[in-house]
Amino acid sequence: MEEDWQRDLERWLEPYLKELGNKTRRRMCPAYIAGLIGPGDRKSIQPMAARAETLSYDRLHHFIGAGIWDSAPLEATLWRQADELVGGDNAWLIIDDTALPKKGKASVGVAPQYATVLGKNANCQTLVSVTLASGEVPVMLGLRLYLPESWTSDTARMDRAGVPEAFRAYRTKPDIAIEEIDRVIAAGVRFGCVLADAGYGLSAPFRQALSARGLCWAVGIPRHQKVYPADVQLIFPVAGRGRPRVRHVPDVKSRAAHAMLEEAKWRQVSWRRGTKGRLKARFAAMRVRIADGTPQRIGTAGAQHMPGEEAWLVGEHRSNGERKYYLSNLPADAAIKDVAGAIKARWICEQAHQQLKEELGLDHFEGRSWTGLHRHALMTMIAYAFLQTRRLAQAGRKKESLVRHLNPASRLYARPSLIACYARHHDDALIAAKA
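Numbering (this note's numbering), first residue to last: 34 to 468.
Keep in mind that the hints were calculated from the coordinates and are not lab data. Among these hints, one or two may not hold up.
Said to hold, decoys possible - Simulated crosslink set (DSS-like; lysine-lysine; CA at most 30 Å straight-line):
1) Lys206 to Lys138
2) Lys136 to Lys206
3) Lys259 to Lys153
4) Lys298 to Lys370
5) Lys298 to Lys206
6) Lys377 to Lys357
7) Lys370 to Lys153
8) Lys309 to Lys259
9) Lys357 to Lys259
10) Lys138 to Lys153
11) Lys377 to Lys259
12) Lys377 to Lys153
13) Lys390 to Lys357
14) Lys390 to Lys286
15) Lys153 to Lys298
16) Lys370 to Lys259
17) Lys286 to Lys298
18) Lys136 to Lys51
19) Lys286 to Lys309
20) Lys206 to Lys377
21) Lys259 to Lys286
22) Lys206 to Lys56
23) Lys259 to Lys298
24) Lys309 to Lys390
25) Lys377 to Lys309
26) Lys309 to Lys357
27) Lys313 to Lys286
28) Lys309 to Lys298
29) Lys313 to Lys259
30) Lys357 to Lys138
31) Lys206 to Lys153
32) Lys56 to Lys136
33) Lys377 to Lys390
34) Lys136 to Lys370
35) Lys313 to Lys370
36) Lys370 to Lys357
37) Lys309 to Lys206
Predicted, not measured: the structure shown is a model, and the values here were computed from it.
Produce the complete structure using the sequences and hints provided.
Here it is as structure tokens:
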């Protein structure tokens with residue numbers, strides 16, 4: 034079994050190895066990725082080298098941390114394969130971030146900051162992630178380090194960590210996400226809608242940048258995000274005294290998202306079938322204008338944001354009593370089931386983060402440099418794409434077997450999505466890789 038997946042890996046990596054050129058690098062790349070996939074609890078360089086009889090620690094360390102080679106061609110190959118695997122008009126491009134808890138302060142980008150995985154502030158590195166997904170199959174396209182201001186304001190610190198000049202200016206996570214989306218678009222990766230949580234959705238420049246690029250999007254927002262009714266009108270206020278007003282103002286005040294939906298109709302919506310039945314929750318949705326236009330003084334209310342883009346405001350009432358809120362620029366005639374489906378599709382990136390860490394050692398890298406961290410992240414993404422390829426191939430074989438064994442009536446309902454769910458629970462790609 035082990036020989037099977039290793040032979041498959043060597044064949045699958047051929048397009049990547051062509052881009053590396055150098056003979057030693059062509060040996061180190063498959064060795065590193067095989068070390069990530071193979072057995073062992075720790076996937077940092079030293080234990081991976083120790084588990085391989087013919088693998089030199091020094092050469093492996095040099096390949097990741099100090100070797101002179103360009104990662105861009107490998108990224109391009111990964112994106113091309115990901116597009117072939119899951120890309121298309123129905124694919125999602127999911128923006129998120131993941132934290133890598135880290136001790137000390139010398140590793141690039143490490144600082145006290147909020148770590149989602151821990152649910153609190155902690156000393157960690159934060160990677161902005163870009164995931165291409167179709168249905169329940171994600172492929173990670175990008176993991177880019179976020180540098181807090183404590184780093185970008187310290188030139189000597191960035192020198193020691195080898196941060197390239199192009200990445201030294203401070204950028205927010207939404208800024209980084211837009212840069213990564215632009216690279217993905219330029220590479221020709223196909224997707225239909227961008228998804229993100231409230232950490233990105235609360236940023237008006239992020240939403241506006243997506244719309245400016247002609248992209249569909251669905252993002253989480255905080256409950257206090259201000260919106261206007263969709264039929265808000267801009268009027269000239271009547272001046273009580275002084276000169277006549279020369280700027281339009283809204284004829285109604287903006288309201289917080291949660292207040293706007295208080296009187297809306299909530300109803301049960303199912304967006305897809307899961308392994309334990311239909312996935313459903315209570316949703317409310319209405320068309321609104323987002324209060325993210327140019328700030329303007331409006332009477333005694335002071336400076337207020339003018340009405341911006343029209344969008345769907347969506348509320349979700351979960352079974353545990355929790356309420357979440359979202360905005361989406363999907364068309365006005367979109368069914369609420371489709372809007373809910375887009376919103377809930379974001380969860381798959383969290384599964385990818387977990388698998389990259391638990392199975393492939395994303396958070397095990399012990400080096401301190403910018404180059405080393407990003408090369409290690411790239412190797413984990415390539416390994417993950419390989420395993421997803423095997424998973425889909427395995428699911429295809431199981432699909433044929435499953436359909437053959439279904440009774441005639443059941444075959445009528447053997448939709449690809451249901452068969453994929455069945456195959457997921459019988460998937461042995463990761464098991465085979467670790468055998």
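Hint-by-hint comparison with the structure:
no.: 1; hint: Lys206 to Lys138; result: holds (20 Å)
no.: 2; hint: Lys136 to Lys206; result: holds (22 Å)
no.: 3; hint: Lys259 to Lys153; result: holds (27 Å)
no.: 4; hint: Lys298 to Lys370; result: holds (15 Å)
no.: 5; hint: Lys298 to Lys206; result: violated (35 Å)
no.: 6; hint: Lys377 to Lys357; result: holds (11 Å)
no.: 7; hint: Lys370 to Lys153; result: violated (33 Å)
no.: 8; hint: Lys309 to Lys259; result: violated (37 Å)
no.: 9; hint: Lys357 to Lys259; result: holds (15 Å)
no.: 10; hint: Lys138 to Lys153; result: holds (18 Å)
no.: 11; hint: Lys377 to Lys259; result: holds (22 Å)
no.: 12; hint: Lys377 to Lys153; result: holds (24 Å)
no.: 13; hint: Lys390 to Lys357; result: holds (27 Å)
no.: 14; hint: Lys390 to Lys286; result: violated (46 Å)
no.: 15; hint: Lys153 to Lys298; result: violated (35 Å)
no.: 16; hint: Lys370 to Lys259; result: holds (24 Å)
no.: 17; hint: Lys286 to Lys298; result: holds (22 Å)
no.: 18; hint: Lys136 to Lys51; result: violated (37 Å)
no.: 19; hint: Lys286 to Lys309; result: violated (44 Å)
no.: 20; hint: Lys206 to Lys377; result: holds (22 Å)
no.: 21; hint: Lys259 to Lys286; result: holds (9 Å)
no.: 22; hint: Lys206 to Lys56; result: violated (37 Å)
no.: 23; hint: Lys259 to Lys298; result: holds (19 Å)
no.: 24; hint: Lys309 to Lys390; result: holds (26 Å)
no.: 25; hint: Lys377 to Lys309; result: holds (16 Å)
no.: 26; hint: Lys309 to Lys357; result: holds (23 Å)
no.: 27; hint: Lys313 to Lys286; result: violated (33 Å)
no.: 28; hint: Lys309 to Lys298; result: holds (27 Å)
no.: 29; hint: Lys313 to Lys259; result: holds (27 Å)
no.: 30; hint: Lys357 to Lys138; result: violated (35 Å)
no.: 31; hint: Lys206 to Lys153; result: holds (18 Å)
no.: 32; hint: Lys56 to Lys136; result: violated (36 Å)
no.: 33; hint: Lys377 to Lys390; result: holds (23 Å)
no.: 34; hint: Lys136 to Lys370; result: violated (44 Å)
no.: 35; hint: Lys313 to Lys370; result: holds (10 Å)
no.: 36; hint: Lys370 to Lys357; result: holds (16 Å)
no.: 37; hint: Lys309 to Lys206; result: violated (36 Å)
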